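Asks: All residue numbers for the sequence shown refer to our numbering, where the first residue is 5 and numbers rise by one.
These are computed hints drawn from the structure, not numbers from a lab. Just so we're clear, the structure is a prediction, and the values are computed from it rather than from any experiment. All C-beta atoms in this analysis are idealised placements derived from N, C-alpha and C, irrespective of residue type, glycine included. Please note: incorrect hints may appear among the correct ones.
[Said to hold, decoys possible] Taking CB as the label site, the calculated pair distances span:
| id | residue 1 | residue 2 | range |
| --- | --- | --- | --- |
| 1 | Val95 | Trp154 | 26 to 36 Å |
| 2 | Gly185 | Val103 | 33 to 43 Å |
| 3 | Pro20 | Val163 | 44 to 54 Å |
| 4 | Ile100 | Glu165 | 22 to 32 Å |
| 5 | Ala122 | Val163 | 44 to 54 Å |
| 6 | Trp154 | Ala7 | 52 to 62 Å |
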Amino acid sequence: MSAVFAQIRACVARFPLVEGRPPAGVLALLGVLCWLPTTVWPVLRFTFPMQAANAFGPDYRGPDVVTESWSWGRSVTVTGSVDAGLGQGNVITLAIIVVGLTAGALGALCWLLVRGEAGVLLGAVATTFALAVCARSVGERYGYLLSQWWSDAAPTSAVIETTTVGHAEVAAAIALLAALGSCVWPSVVAVAGPGLRRAVGAATVPEPPGARRGPALEGPPVELSDDVGEPAQGRRRQG
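Construct the entire structure; sequences and hints are all you get.
Replies: Shown next as structure tokens:
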């Protein structure tokens with residue numbers, strides 16, 4: 005096993021990786037790999053319980069209807085002889101997901117291999133597009149789940165489960181967001197840092213030179229008098 009890792013390190017060392025960007029590139033690639041299975045496997049599983057009174061007719065007797073749904077709209081009934089009719093596959097949505105996956109991979113390569121500001125800009129734009137597509141799918145799915153959770157229960161309500169691929173899609177969105185933040189945040193700090201330090205410095209009033217405070221003097225209290233040249237303790241009442 006050590007020999008395999010040594011070969012992998014040697015292979016990676018051949019590529020001129022940009023210093024400071026490998027974490028962002030690795031996170032972006034991880035997000036793409038976690039997101040890729042959504043094009044093949046479902047993200048949700050619906051189980052419709054078959055009861056005496058249901059939407060499929062009181063005469064239906066059989067196993068529960070289990071339907072699986074993809075993030076791009078496809079739905080397939082796995083068990084049961086009744087089609088749940090959750091929707092049809094949307095080829096355009098699938099094409100957008102594929103474009104988002106490609107953009108995420110290209111963004112990772114730009115961060116890892118393209119030097120200078122061009123690499124940061126291209127990587128940020130590509131990863132932002134991928135994150136937007138992935139986050140839209142995740143947000144739409146969880147919005148649907150929340151709407152079902154808040155809706156009134158019915159005898160035909162489905163038991164909705166998120167599959168392992170659905171959880172991987174959430175991990176993909178988090179990884180893409182972390183990749184974008186880890187590479188863009190240093191640039192934001194580099195640009196805004198000097199201005200912020202100048203603003204903080206202008207708000208702080210510096211002490212004038214030679215105005216340092218010395219150590220406090222200890223001793224008995226001294227009374228002050230308004231009379232010039234006569235100490236307060238040495239005055240006597242004039243009769």
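Asks: Confirm or reject each hint.
Replies: Consistency of the hints with the structure:
1. Val95 with Trp154: 26 to 36 Å: Since Val95 and Trp154 have Cβ atoms about 32 Å apart, the given range 26 to 36 Å holds.
2. Gly185 with Val103: 33 to 43 Å: About 23 Å separates the Cβ atoms of Gly185 and Val103, which means 33 to 43 Å is violated.
3. Pro20 with Val163: 44 to 54 Å: 52 Å, holds
4. Ile100 with Glu165: 22 to 32 Å: 25 Å, holds
5. Ala122 with Val163: 44 to 54 Å: Cβ of Ala122 to Cβ of Val163: about 50 Å, so the range 44 to 54 Å holds.
6. Trp154 with Ala7: 52 to 62 Å: 56 Å, holds
The earlier numbered hint that this structure contradicts is number 2, and it is the only one.
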